[in-house]
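*Asks:* The residues making up each chain are set out below.
4 protein chains.
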Amino acid sequence: MATNQTPTRGYSATKDQLQTRLRRIEGQVRGIERMVEEDRYCIDVLTQISAVQAALDKVALGLLDGHVRHCVAEGAQEGKSDEMSTELMAAVGRLMRRG
Amino acid sequence: MATNQTPTRGYSATKDQLQTRLRRIEGQVRGIERMVEEDRYCIDVLTQISAVQAALDKVALGLLDGHVRHCVAEGAQEGKSDEMSTELMAAVGRLMRRG
Amino acid sequence: MATNQTPTRGYSATKDQLQTRLRRIEGQVRGIERMVEEDRYCIDVLTQISAVQAALDKVALGLLDGHVRHCVAEGAQEGKSDEMSTELMAAVGRLMRRG
Amino acid sequence: MATNQTPTRGYSATKDQLQTRLRRIEGQVRGIERMVEEDRYCIDVLTQISAVQAALDKVALGLLDGHVRHCVAEGAQEGKSDEMSTELMAAVGRLMRRG
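Chains as they are written, first to last, in our numbering: chain C, 1 to 99; chain D, 1 to 99; chain U, 1 to 99; chain R, 1 to 99.
With the rest of the complex left out, here is chain C:
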């Protein structure tokens, strides 16, 4: 869960920051739609797709960071390390393989 406090470093992101990034990503996807509509050069469209994927990776790392920092840490204190870790690894595996 993302918090509203300002994180100070690394991949952390507040809820506001994640929402801002996602709105920007939505705009980038619309830009790619326009590029395809206008028959822009494929390589330029691919470059934009790579940029969106990098931005989504950054959102994913921000969410993961909040999850590890809050949920996994709390889970550890409640003896749920195994469960949390199994679930987390499945999520990281999907991100590495992309879906």
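Just so you know, not all the hints are guaranteed correct.
Heads up, the list lumps identical chains together, so a pair's fine if it works in one copy or across two of them.
As the list claims (entries may be wrong) - Subject to a maximum C-alpha distance of 20 Å in a straight line, what follows is the list of computed EDC-like cross-link-like pairs (lysine to aspartate or glutamate):
# : residue 1 : residue 2
1 : K15       : D39
2 : K58       : E26
3 : K80       : E38
4 : K80       : D57
Calculated from the structure, these hints are not laboratory results.
Position chains D, U and R against the provided structure of chain C, taking the given hints into account.
*Replies:* Showing chains D, U and R alone in chain C's frame:
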């Protein structure tokens, strides 16, 4: 460049198919914005991000396929294989590293 | 740190399992060297490279799982959640971008 | 197919260069085996795995480049663009998803 003809197999995609997929991706990104807004469980949000990444990969492969089929093939006949290939590899490299 | 106990599910792996997988990966890389030596068809070599990368991802997830299960959980109890999480996200980010 | 001539730019690689890189990768994998054997800190092992993945990506791009430059270009002249492209996209898709 994507064409309007119906491709018959593999990763090929018509311009219409690419646009439909991109509109769906735009909707998925909006869905992720809502999930973050509603403080949904991080792991569920991450699963959606992985789904968008997989969908973007599919659009990228459709564009790459059209590029190789048309531009690279034509380039080869005009003696521009080296140039086309260098450009293509840079694009594939960015997709593999995502940005 | 990988343990010698038999893990029961998910991505967990014992030290023995990780070592067995790494030895197999080493053999696969040698196989790719031979394929290049024998001028085997590029697409077949690429398929083998993808297989090695999938196997390395699996080793990485096994190591990450052990790390979250032991180090991050312990770190949480010692008030080092922030530090552990920042370090973990940097590692996951490198795995997602591959280097 | 990799050639023995010295390529001049981009991702191109001679057969010798690919073999040298693969031998280095084999050594890196052995180094990771030792790190696991010696119970080295997981995050450090993960960093090495990311380095091997990046090195394998570079070998893959070198092979792909040779393939596009020679096989796809020739295939285009023999009217086999469709077949070559379908096969190439399947290989790129596996590299993007890693296996």
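*Asks:* Take the hints in turn and mark each one as holding or not.
*Replies:* Hint check:
1. K15 with D39: Result: close only across copies, 9 Å inter versus 36 Å intra.
2. K58 with E26: This pair counts as both: shortest intra-copy Cα distance 14 Å, inter-copy 18 Å.
3. K80 with E38: Cα proximity of K80 and E38: none, with 52 Å in one copy and 25 Å across.
4. K80 with D57: neither (27 Å within a copy, 25 Å between copies)
Figure legend: structure checked against the earlier numbered hints; hints not met, in rising order: 3 and 4.
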